[in-house]
Amino acid sequence: MPPPLLQARNLSKSYSVPVLTDFSFDLEGGEVHALIGSNGAGKSTFARILCGLTRAEGGRLRLRGAVYAPRSKRDAEQAGVVMVLQELNVIGSMSVAENLFLNRLPRRAGFIRFAALHERARRALARVGLSALEPAGAAGRLGVGQQQLLEIAGALDQHCRVLILDEPTAALTEPETERLFENIRRLQTEGVGVIYISHRMDEIRRIAGRITVLRDGRGVATHGSGKVSVADLIREMVGHDLPETKPADGRAAGETVLRVRHLRAGRRVRDVSFELRSGEIAGLAGLIGSGRTETLRAVFGADPKEGGEVYVGGDVRPLAIDGPADAVRAGIGMLPEDRKQDGLLLALSVRVNLTLSTLGRHARFGGWLDAESESQTARDFCRRLAVQCASVEQPVRELSGGNQQKIVIARWLAREGRVWLFDEPTRGIDVAAKDKVYQVLRDLAAEGKAVLVVSSELPELMALCDRILVMSAGRIAADFPHGQWTQEKLTAAAFSGYLERQPQAAFSKETERSSE
Amino acid sequence: MLRQTTADRYKRYGEYGAMVVIWVGLLLFFGALSTGFLTARTLGTLANRIPALAVVSAGMTLVLIVGGIDLSVGSVLGLCGAVLGVALVNWHWPLWAGGLLCLGIGLLAGVLNGWVSVGLGVPSFIVTLGMLEIARGLAYLTTQSQTKYIGGPVEGLSRPVFLGFSSAFFIAAAVVVAGQVVLARTVFGRHLIAIGANEQAVRLAGINPRPPKIAVFALLGLLTGLGAVFYTSRLGSSDPNAGIGLELSAIAAVVIGGTSLMGGRGSVLNSFFGVLIIATLEAGLAQVGATEPTKRVTTGLVIVVAVVLDAWRRSMTRASFANRL
Numbered sequence: 016m017p018p019p020l021l022q023a024r025n026l027s028k029s030y031s032v033p034v035l036t037d038f039s040f041d042l043e044g045g046e047v048h049a050l051i052g053s054n055g056a057g058k059s060t061f062a063r064i065l066c067g068l069t070r071a072e073g074g075r076l077r078l079r080g081a082v083y084a085p086r087s088k089r090d091a092e093q094a095g096v097v098m099v100l101q102e103l104n105v106i107g108s109m110s111v112a113e114n115l116f117l118n119r120l121p122r123r124a125g126f127i128r129f130a131a132l133h134e135r136a137r138r139a140l141a142r143v144g145l146s147a148l149e150p151a152g153a154a155g156r157l158g159v160g161q162q163q164l165l166e167i168a169g170a171l172d173q174h175c176r177v178l179i180l181d182e183p184t185a186a187l188t189e190p191e192t193e194r195l196f197e198n199i200r201r202l203q204t205e206g207v208g209v210i211y212i213s214h215r216m217d218e219i220r221r222i223a224g225r226i227t228v229l230r231d232g233r234g235v236a237t238h239g240s241g242k243v244s245v246a247d248l249i250r251e252m253v254g255h256d257l258p259e260t261k262p263a264d265g266r267a268a269g270e271t272v273l274r275v276r277h278l279r280a281g282r283r284v285r286d287v288s289f290e291l292r293s294g295e296i297a298g299l300a301g302l303i304g305s306g307r308t309e310t311l312r313a314v315f316g317a318d319p320k321e322g323g324e325v326y327v328g329g330d331v332r333p334l335a336i337d338g339p340a341d342a343v344r345a346g347i348g349m350l351p352e353d354r355k356q357d358g359l360l361l362a363l364s365v366r367v368n369l370t371l372s373t374l375g376r377h378a379r380f381g382g383w384l385d386a387e388s389e390s391q392t393a394r395d396f397c398r399r400l401a402v403q404c405a406s407v408e409q410p411v412r413e414l415s416g417g418n419q420q421k422i423v424i425a426r427w428l429a430r431e432g433r434v435w436l437f438d439e440p441t442r443g444i445d446v447a448a449k450d451k452v453y454q455v456l457r458d459l460a461a462e463g464k465a466v467l468v469v470s471s472e473l474p475e476l477m478a479l480c481d482r483i484l485v486m487s488a489g490r491i492a493a494d495f496p497h498g499q500w501t502q503e504k505l506t507a508a509a510f511s512g513y514l515e516r517q518p519q520a521a522f523s524k525e526t527e528r529s530s531e
Numbered sequence: 060m061l062r063q064t065t066a067d068r069y070k071r072y073g074e075y076g077a078m079v080v081i082w083v084g085l086l087l088f089f090g091a092l093s094t095g096f097l098t099a100r101t102l103g104t105l106a107n108r109i110p111a112l113a114v115v116s117a118g119m120t121l122v123l124i125v126g127g128i129d130l131s132v133g134s135v136l137g138l139c140g141a142v143l144g145v146a147l148v149n150w151h152w153p154l155w156a157g158g159l160l161c162l163g164i165g166l167l168a169g170v171l172n173g174w175v176s177v178g179l180g181v182p183s184f185i186v187t188l189g190m191l192e193i194a195r196g197l198a199y200l201t202t203q204s205q206t207k208y209i210g211g212p213v214e215g216l217s218r219p220v221f222l223g224f225s226s227a228f229f230i231a232a233a234v235v236v237a238g239q240v241v242l243a244r245t246v247f248g249r250h251l252i253a254i255g256a257n258e259q260a261v262r263l264a265g266i267n268p269r270p271p272k273i274a275v276f277a278l279l280g281l282l283t284g285l286g287a288v289f290y291t292s293r294l295g296s297s298d299p300n301a302g303i304g305l306e307l308s309a310i311a312a313v314v315i316g317g318t319s320l321m322g323g324r325g326s327v328l329n330s331f332f333g334v335l336i337i338a339t340l341e342a343g344l345a346q347v348g349a350t351e352p353t354k355r356v357t358t359g360l361v362i363v364v365a366v367v368l369d370a371w372r373r374s375m376t377r378a379s380f381a382n383r384l
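Just so you know, the protein sequences line up as chains A and B, in that order.
Per our numbering: the first sequence = residues 16 to 531.
Per our numbering: the second sequence = residues 60 to 384.
It is possible that part of the hints are untrue.
To be verified - The following label-pair restraints were derived from C-beta to C-beta distances:
| no. | chain 1 | residue 1 | chain 2 | residue 2 | range |
| --- | --- | --- | --- | --- | --- |
| 1 | A | R122 | B | V363 | 58 to 68 angstroms |
| 2 | B | G304 | A | G322 | 51 to 61 angstroms |
| 3 | A | G381 | B | W174 | 46 to 56 angstroms |
| 4 | B | P219 | A | G381 | 33 to 43 angstroms |
| 5 | B | L368 | A | R89 | 32 to 42 angstroms |
| 6 | B | V181 | A | F380 | 44 to 54 angstroms |
| 7 | A | R89 | B | N300 | 53 to 63 angstroms |
| 8 | A | S39 | B | V363 | 33 to 43 angstroms |
| 9 | B | W371 | A | R122 | 49 to 59 angstroms |
| 10 | A | R344 | B | V181 | 43 to 53 angstroms |
Said to hold, decoys possible - Stretches of chain B that chain A covers, calculated by requiring three or more beta carbons in the stretch to come under 8 angstroms of a beta carbon on chain A:
| no. | region |
| --- | --- |
| 11 | 99-111 |
| 12 | 236-247 |
Just so you know, the hints here were simulated from the structure itself, not pulled from any lab data.
Using N, Cα and C, we set each Cβ at its ideal position, and we do this for glycine too.
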């Protein structure tokens with residue numbers, strides 16, 4: 016029997032925690048092999064190892080029987096392993112053709128041969144059904160779906176043996192998806208092996224021959240795609256089903272303090288409605304890319320809304336939010352997902368970061384800052400949240416991730432408010448800091464605030480929340496009260512929006528724009 | 060452990076100390092090279108030459124701190140001076156009215172710069188480059204490209220009133236002190252530094268960053284108008300070519316003072332020392348008989364060396380902090 020096209024044996028990789036452990040995987044020529052798993056199961060890490068973006072720490076790879084250890088993306092592409100990334104890499108200011116062939120522009124004596132370039136581009140575009148596109152046109156004017164197809168066209172052009180697709184249809188319309196599948200089938204007949212990573216069970220079951228389930232960095236099972244039910248796959252992704260274990264906290268949820276109605280924003284928030292009550296911690300679960308962060312940002316006014324209303328307290332009129340300043344005035348606070356990018360003034364001191372939202376309180380005579388009062392407050396909060404720093408004058412850049420996160424939280428605690436939106440509050444911080452954050456959330460709820468927590472770790476939400484909302488494909492797919500959830504039910508709900516293709520009203524605008 | 064340590068406080072004074080040391084060093088250096096340089100009279104002349112640059116640099120510091128830049132100050136100063144000349148000579152306005160008009164024109168130019176760049180999201184580099192041309196053109200139109208002798212009352216501001224220093228110098232010094240106080244001690248100033256450090260974080264902290272950003276451009280425009288009054292007063296006439304290249308001197312002074320072109324860090328007082336250093340260098344070089352081209356080469360070198368030293372010192376202190384931990 017000939018060796019498989021691609022063979023992975025006992026791969027392992029860890030960052031601060033193991034993300035891939037003893038993982039083995041085979042891909043035959045002409046096969047579509049799907050890879051599924053929950054957030055953080057290790058799918059992306061595996062793909063990154065294959066295409067040379069990172070290296071495995073243990074195990075080995077063989078490509079057509081020969082040892083394969085790519086050191087860079089270029090290495091991998093030369094060996095015939097090409098990946099289409101989930102995030103778009105299209106350079107908007109350059110032409111369609113230049114984007115397609117950026118790393119291999121046809122040239123003579125350093126000059127680009129535009130005629131040859133455009134000829135090749137026309138052929139590559141025709142292959143993915145974009146023959147209507149002008150190769151010299153600006154790529155930035157394309158809709159998201161067409162940009163995704165452009166990436167795929169670039170990959171197909173490279174005579175690959177192994178093609179890795181990571182959520183390729185996330186931005187595609189129905190006809191575009193069909194066109195992609197036709198291309199995949201054609202590649203299969205040419206003997207190309209395709210690794211297909213996706214949440215969309217229906218598509219996987221249509222296109223893939225085999226399905227491998229990853230959980231916590233380990234391969235759980237490999238199935239022939241016709242022989243397994245969606246329910247079984249979800250059970251395997253969850254593993255030991257964690258039952259409801261959290262005792263009731265004895266908090267009673269009070270009146271409704273935030274109502275969100277039919278919220279739509281950007282590509283990812285399609286139609287979101289929910290309510291938050293005072294004195295409760297609500298969780299917002301969902302797969303990465305399901306629109307959780309975007310929902311929080313839209314409610315907070317950080318990104319523009321396209322439709323829907325937000326009501327605070329018992330207001331009958333929706334809150335007019337033109338920016339975060341309006342939301343804050345209405346008593347809403349948000350801890351952003353990326354604390355370094357969106358939360359901290361890294362070069363400035365703990366004191367300055369902490370008092371940023373509440374400077375007015377430390378001002379005398381209408382604007383004159385009282386440094387001692389600021390320092391006092393900063394010291395108080397540092398003590399309360401056990402922030403470890405040399406002094407409150409130390410730049411936050413020098414603090415650990417956990418301490419940085421506490422500072423952003425402390426800034427909001429100082430501000431107070433009725434509604435608290437926390438986006439991944441414990442990401443990348445140590446256990447002691449996590450405990451402190453949990454305690455802060457519980458204290459807030461006990462004081463009668465409404466708290467909404469986004470987290471990619473289900474066990475965390477299950478241990479913390481009074482209620483868990485599950486988002487899937489831009490909508491709230493389920494709302495579990497305390498005592499009703501299990502990890503399996505939550506996971507099934509997170510995948511539910513991807514089982515069938517939703518009508519894609521959000522994209523019609525982009526398609527129109529690009530066909531102008 | 061969380062107390063503000065004395066080291067923190069000394070670090071702050073150290074910033075000013077370094078600038079003063081460099082300035083005094085320059086004075087001593089030229090004093091050693093040429094007798095008759097280190098006199099009260101030279102100091103007075105020096106002080107009375109810098110008010111216009113000092114107030115513009117104070118405003119420029121705030122603009123650079125929020126991550127903006129204003130290239131139009133030289134031309135706006137020319138335009139303001141031109142209007143002042145017309146108001147005083149042709150319309151026979153009293154000095155106070157002409158001065159107010161002059162400040163108003165500066166403020167208007169600044170508001171336009173701020174409103175177009177911040178409000179419409181166009182980089183301030185481009186907007187103020189456009190304003191540089193517009194204002195200079197308007198200055199020529201206003202004066203029909205003629206230098207206008209004013210004399211009389213306007214010169215009073217530049218006449219020594221106390222210890223050989225002019226009222227213009229005292230006003231400029233007051234502006235610098237006020238600017239430093241606003242930056243270091245008020246909510247507005249803190250917002251400016253925070254915006255320069257991370258505008259996105261400021262916005263998500265619930266503070267609208269746009270009004271303060273527009274305000275600093277407006278303030279710089281107003282101070283440029285004030286600079287125009289000083290400049291016109293020193294010359295005793297309004298010159299449509301006034302202030303050519305002023306934007307570069309101002310930016311140089313601010314950068315020598317350690318303000319980051321990326322925003323988020325700076326000091327109005329240090330910019331003032333930057334102005335002193337540039338002015339002393341020019342006066343000293345003139346005193347020792349350097350030619351105009353030599354002066355320019357030397358000034359350019361000093362700017363680059365100052366910024367390189369600053370970057371080096373900063374990386375050193377960060378490393379030493381890391382060692383302490």
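We went through each hint and held it up to the structure:
For R122 (chain A) and V363 (chain B), the Cβ-Cβ distance of about 38 angstroms falls outside the hinted range of 58 to 68 angstroms, so the restraint is violated. Look at G304 (chain B) against G322 (chain A): about 53 angstroms separates their beta carbons, and that is inside 51 to 61 angstroms. With their beta carbons about 25 angstroms apart, G381 (chain A) and W174 (chain B) fall outside the hinted range of 46 to 56 angstroms. Separated by about 37 angstroms at the C-beta atoms, P219 (chain B) and G381 (chain A) satisfy the suggested range of 33 to 43 angstroms.
Judged by the Cβ atoms, the range 32 to 42 angstroms given for L368 (chain B) and R89 (chain A) holds: they are separated by roughly 41 angstroms. A hinted range of 44 to 54 angstroms for the beta carbons of V181 (chain B) and F380 (chain A) is inconsistent with their spacing of about 36 angstroms. With their beta carbons about 57 angstroms apart, R89 (chain A) and N300 (chain B) fall inside the hinted range of 53 to 63 angstroms. In this structure, S39 (chain A) and V363 (chain B) break the distance hint of 33 to 43 angstroms, their C-beta atoms being roughly 59 angstroms apart.
Between W371 (chain B) and R122 (chain A) the Cβ separation comes to about 41 angstroms, which falls outside the hinted range of 49 to 59 angstroms. Taking the beta carbon of each, R344 (chain A) and V181 (chain B) are about 29 angstroms apart, not inside 43 to 53 angstroms as hinted. Given a C-beta distance limit of less than 8 angstroms, the hint that chain A covers the region 99-111 of chain B is violated, as 0 residues qualify and 3 are needed. Chain A is given as covering the region 236-247 of chain B, and this holds because 4 residues of the stretch bring a CB closer than 8 angstroms to a CB of that chain, at least three being needed.
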